[in-house]
Amino acid sequence: MASIKVGDVVVLKSGGPLMTVESLSQAMKAFCIWFDGPTRFEGYFVPETLKIVTPND
1 MASIKVGDVV VLKSGGPLMT VESLSQAMKA FCIWFDGPTR FEGYFVPETL KIVTPND
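Quick note on numbering: my numbering labels position 29 of the sequence shown as 29, and the sequence is numbered without any gaps.
Keep in mind that the hints were calculated from the coordinates and are not lab data.
Cβ coordinates follow ideal geometry from the N, Cα and C atoms, glycine included.
Check before you lean on any hint, since a few could be wrong.
Using 20 Å as the maximum straight-line C-alpha spacing, the simulated SDA-like pairs for lysine to any residue come out as follows [unchecked claim]: (1) K29 - K51; (2) K5 - L50; (3) K5 - F31; (4) K29 - Y44; (5) K51 - P38; (6) K5 - N56; (7) K51 - S25; (8) K29 - N56; (9) K29 - L18; (10) K5 - Y44; (11) K29 - V11; (12) K29 - G15; (13) K51 - S23; (14) K29 - L50; (15) K5 - G43; (16) K13 - P38; (17) K51 - T20; (18) K5 - M28; (19) K5 - T49; (20) K5 - W34; (21) K5 - T39; (22) K13 - M28; (23) K5 - P38; (24) K5 - E22; (25) K29 - S3; (26) K13 - P47; (27) K29 - G43; (28) K13 - F31; (29) K51 - V6; (30) K51 - D8; (31) K5 - G37.
Label pairs and their computed distance ranges (CB to CB) [what the hints assert, rightly or not]: (32) P38 - S3: 10 to 20 Å; (33) N56 - L12: 13 to 23 Å; (34) E42 - K13: 25 to 35 Å; (35) L12 - T39: 16 to 26 Å; (36) N56 - Q26: 15 to 25 Å; (37) G7 - T49: 13 to 23 Å.
Kindly produce the complete structure, drawing on both the sequences and the hints.
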């Protein structure tokens, strides 16, 4: 499996909205942003809980 990097589009393995990886912390967490309509949300996620979304998905 490819490593998650800044700019990747990801989704939680359990499902949910598409998110963009904005940064990776020194604590090995991915800081992601996503939108629900005009509202921006953000959060830190353990990379192992994320799946990279490819254009073919």
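Against the structure, the hints:
no., hint, result
1, K29 - K51, "holds (14 Å)"
2, K5 - L50, "holds (11 Å)"
3, K5 - F31, "holds (10 Å)"
4, K29 - Y44, "holds (6 Å)"
5, K51 - P38, "violated (24 Å)"
6, K5 - N56, "holds (19 Å)"
7, K51 - S25, "holds (18 Å)"
8, K29 - N56, "violated (26 Å)"
9, K29 - L18, "holds (17 Å)"
10, K5 - Y44, "holds (14 Å)"
11, K29 - V11, "holds (14 Å)"
12, K29 - G15, "holds (18 Å)"
13, K51 - S23, "holds (16 Å)"
14, K29 - L50, "holds (11 Å)"
15, K5 - G43, "holds (15 Å)"
16, K13 - P38, "violated (24 Å)"
17, K51 - T20, "holds (11 Å)"
18, K5 - M28, "holds (11 Å)"
19, K5 - T49, "holds (14 Å)"
20, K5 - W34, "holds (16 Å)"
21, K5 - T39, "violated (24 Å)"
22, K13 - M28, "holds (18 Å)"
23, K5 - P38, "violated (25 Å)"
24, K5 - E22, "holds (9 Å)"
25, K29 - S3, "holds (12 Å)"
26, K13 - P47, "holds (10 Å)"
27, K29 - G43, "holds (10 Å)"
28, K13 - F31, "holds (16 Å)"
29, K51 - V6, "holds (14 Å)"
30, K51 - D8, "holds (10 Å)"
31, K5 - G37, "violated (25 Å)"
32, P38 - S3: 10 to 20 Å, "violated (32 Å)"
33, N56 - L12: 13 to 23 Å, "holds (19 Å)"
34, E42 - K13: 25 to 35 Å, "violated (19 Å)"
35, L12 - T39: 16 to 26 Å, "holds (18 Å)"
36, N56 - Q26: 15 to 25 Å, "violated (33 Å)"
37, G7 - T49: 13 to 23 Å, "holds (19 Å)"
Checked against the numbered hints given earlier, this structure breaks hints 5, 8, 16, 21, 23, 31, 32, 34 and 36; the rest are met.
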